[in-house]
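Student: Chain residues, written in single-letter form:
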Amino acid sequence: MSHEHKLEIFRGLLKFKSNTQKIWGVLIFLTIVTTVEVALGITKPHILVTTTIIGMKLLNWIFIILTLVKAYYIAWDFMHLRDEKSSLRRAIVWTPIFLVSYLIFILLFEADYIYNVFKDGFVTWNF
Amino acid sequence: MDSTVTTGTDENVWGGGNQPLGASYGKLMMWFFIVSDALTFSGFLAAYGFSRFKFIETWPVADQVFTHVPFIHGNFPMYYVAFMTFVLIMSSVTMVLAVDAGHKMMKNKAILYMFLTIIGGAIFVGSQAWEWATFIKGDYGAIETKGGRILQFVKADTGERAALADFAKTLPGERVAQENKDGVWFYGEGSLPSYSLNEVTEGFRANPNILIRTEMITEDGEKTLLTREESLAKIKDGKLVVEGANLVRNEYGSRLFADFFFFITGFHGFHVFSGVVINIIIFFNIILGTYERRGHYEMVEKVGLYWHFVDLVWVFVFTFFYLV
Chain A
45 MSHEHKLEIF RGLLKFKSNT QKIWGVLIFL TIVTTVEVAL GITKPHILVT
95 TTIIGMKLLN WIFIILTLVK AYYIAWDFMH LRDEKSSLRR AIVWTPIFLV
145 SYLIFILLFE ADYIYNVFKD GFVTWNF
Chain B
-15 MDSTVTTGTD ENVWGGGNQP LGASYGKLMM WFFIVSDALT FSGFLAAYGF
35 SRFKFIETWP VADQVFTHVP FIHGNFPMYY VAFMTFVLIM SSVTMVLAVD
85 AGHKMMKNKA ILYMFLTIIG GAIFVGSQAW EWATFIKGDY GAIETKGGRI
135 LQFVKADTGE RAALADFAKT LPGERVAQEN KDGVWFYGEG SLPSYSLNEV
185 TEGFRANPNI LIRTEMITED GEKTLLTREE SLAKIKDGKL VVEGANLVRN
235 EYGSRLFADF FFFITGFHGF HVFSGVVINI IIFFNIILGT YERRGHYEMV
285 EKVGLYWHFV DLVWVFVFTF FYLV
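So the sequence lines, in the order shown, correspond to chains A and B. Residues in the first sequence are numbered from 45 upward in steps of one, following my numbering. Residues in the second sequence are numbered from -15 upward in steps of one, following my numbering.
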């Protein structure tokens, strides 16, 4: 297993000299992202909590996007998907993305409907 | 982009021996497992999302639930989970370094990095056990209403949470826990809470400094705080004293929150535990020189994939249980 590693991250913006160096670079990046998440979670800036986009708080959108960013770098650099053939990479990545988006869409849509039944229907639950 | 078409004329496509995806059999099977396991976790998290959207106005706020750090008293939301996340990412890093050392056939370096990975995993599992214990024990206690809603108590002057012990009265003539010997068909009951409903209600009426906080979330993302008059009216709905959390009752709010917390973090914790066990096996295999004799360290790489996957799942669990 002596395949060579692709040593660029951020689309070539950052180039590393060795694989080891790239790993530490990715760790620093992931740590920064986690720190930002925790800081936002503790301070909860008012503007981000009160603004909503497509039924969810802006703050929560930021958390989810940052999570996906972290997931990308864990999969691409730690699980070295970056070094695999594109066909293998696509088979691994797009299968769950397709299935999970479908599941999330269905379940959250249904949950919102039930929420409205509880809210507007003749159901007493808060007593 | 690399092409995957195998066009070699001397190669028999179905005769084995060629690798269209450029990955060995074992590695592909590990990826199969990881993708299916990822779908399992997605199913759990999507179910969690379903319940949460169903009770979107009353779901517990995570940083009011997970507020403890070991050995330190006080209110520190999220710091400890952030630490756990960092430990897991760090152990992921040492795992990549072990894989990298394996590629270069550096046995001693691989041993060292595998050892650090195991330590990181053990710290994480230990932290999770502590997190569970704290969650199960509970901290302030609450009242459950007839409708199954949770009422928590807040001090009016400081805005801090009030524990039941802060204001509950001690009334004489209380009942004791029933035992198996008290009735032919009676099998006993769980431990009684520290205070009876009557003691909490009387203490609440006598102490004007205590207000009730309901589960309902306001527009600012905080729980609704009732006025003293509303609180006095609301306490009449009380039915049970709840301390801590289990699969049936939960002092933090919606009981589904506790159910999903135990189920999903438990399932993830079990993955970490099995990961640590597998890592230990690989660790000893490296020491024994198994991979040195085999000529390659691909086994470390395959186990590494699993270990990174566990880290990947935690990133999502962290977001959906503690941040969002």
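Don't read these hints as lab results, they were simulated from the structure. Since the model is a prediction, treat every value here as computed from it, not as a measurement. Incorrect hints may have been included.
[Unchecked claim] Straight-line distance between alpha carbons at most 25 Å, and here's what the computed PhoX-like set of lysine-lysine pairs gives:
(1) 88(B) <-> 50(A)
(2) 130(B) <-> 207(B)
(3) 130(B) <-> 11(B)
(4) 50(A) <-> 130(B)
(5) 50(A) <-> 207(B)
(6) 11(B) <-> 88(A)
Student: Is the straight-line distance between the alpha-carbon of residue 130(B) and that of residue 11(B) 25 Å or less?
Tutor: 55 Å, violated
Student: Would the pair residue 88(B) and residue 50(A) pass a check requiring their Cα atoms to be no farther apart than 25 Å?
Tutor: Holds, at roughly 16 Å.
Student: Would the hint linking residue 50(A) and residue 130(B) be met if the CA-CA limit is 25 Å?
Tutor: Given pair residue 50(A), residue 130(B) is violated - Cα atoms ~61 Å apart, limit 25 Å.
Student: Please work out if residue 130(B) and residue 207(B) have their alpha carbons no farther apart than 25 Å.
Tutor: 20 Å, holds
Student: Hinted pair, alpha-carbon criterion (25 Å max): residue 11(B), residue 88(A). Please report holds or violated.
Tutor: Judged against 25 Å, a Cα distance of about 42 Å means the pair is violated.
Student: Does residue 207(B) lie within 25 Å of residue 50(A) when you go C-alpha to C-alpha?
Tutor: 49 Å, violated
Going down the numbered hints, you'll see the structure goes against 3, 4, 5 and 6, while the others check out.
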